Amino acid sequence: MTHLDRPPAVEVHHPQPITIHPPTAPLVPIQPGTVPAVQSIQLPDGRVVTGYALTPTPAPAPAETHPVISRTAVNIALGGVGFGAVCGGLVLLTSFIAALAALITQLIILAAVIFGGFIAVQILGTSRGRSPGTTVNIRKAVIKRSHFHS
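If you count by the working numbering, then the sequence shown holds residues 37 to 186, one letter each, in order.
Incorrect hints may appear among the rest.
[Claimed, not checked] With beta-carbon atoms standing in for the labels, derived distance ranges:
| id | residue 1 | residue 2 | range |
| --- | --- | --- | --- |
| 1 | Phe119 | Ile145 | 36 to 42 Å |
| 2 | Val127 | Ala148 | 41 to 47 Å |
| 3 | Pro98 | Ala121 | 34 to 40 Å |
| 4 | Leu136 | Val110 | 38 to 44 Å |
| 5 | Val85 | Asp41 | 49 to 55 Å |
| 6 | Val122 | Thr93 | 54 to 60 Å |
| 7 | Val127 | Phe151 | 32 to 38 Å |
| 8 | Val127 | Gly152 | 47 to 53 Å |
| 9 | Ala113 | Ala135 | 32 to 38 Å |
| 10 | Ile54 | Thr93 | 32 to 38 Å |
| 11 | Phe119 | Pro98 | 51 to 57 Å |
| 12 | Ile159 | Ala137 | 28 to 34 Å |
| 13 | Thr55 | Glu100 | 31 to 37 Å |
Worth flagging that the hints you see were computed from the coordinates, not collected in a lab.
Note that the coordinates shown come from a computational prediction; the quantities given were computed from them, not determined experimentally.
Even for Gly, the Cβ is constructed at its ideal location relative to N, Cα and C.
The whole structure should be built from the sequences, with the hints applied where relevant.
Spelled out as structure tokens, the structure:
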């Protein structure tokens, strides 16, 4: 058997209690009638622990809280946000009205150009072929005594 095959030696440690004498606390005078109750507890190993019972202290009544920001300031801020939203809509509305006015103007100009071109063709049109209208053939006429003879 080599030293690698042997199990290592087992060391057992037993804890030793440390005894420290705490310094004595200063005595605080206690008002009569306010002495807390003393309570003793026996631990499973037989020791007895004695101490004051802890009574929960009542929580202080919640103080009336006021909002950090006044309602008037909140209303003014919300009004500003609403006004900003409306201004964006008003800008879009004015842009829509300007675009509509430009469209109407262009339609009027287009109608004037088309109608003017139609009139110009009628007036300045060439007389090739038959032109629309009434054709009158005038022959030699002899006018005698206010009578017209053809």
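For this session: Return the numbers of the hints above that this structure violates; sort them in rising order.
Result: 2, 8, 11 and 13
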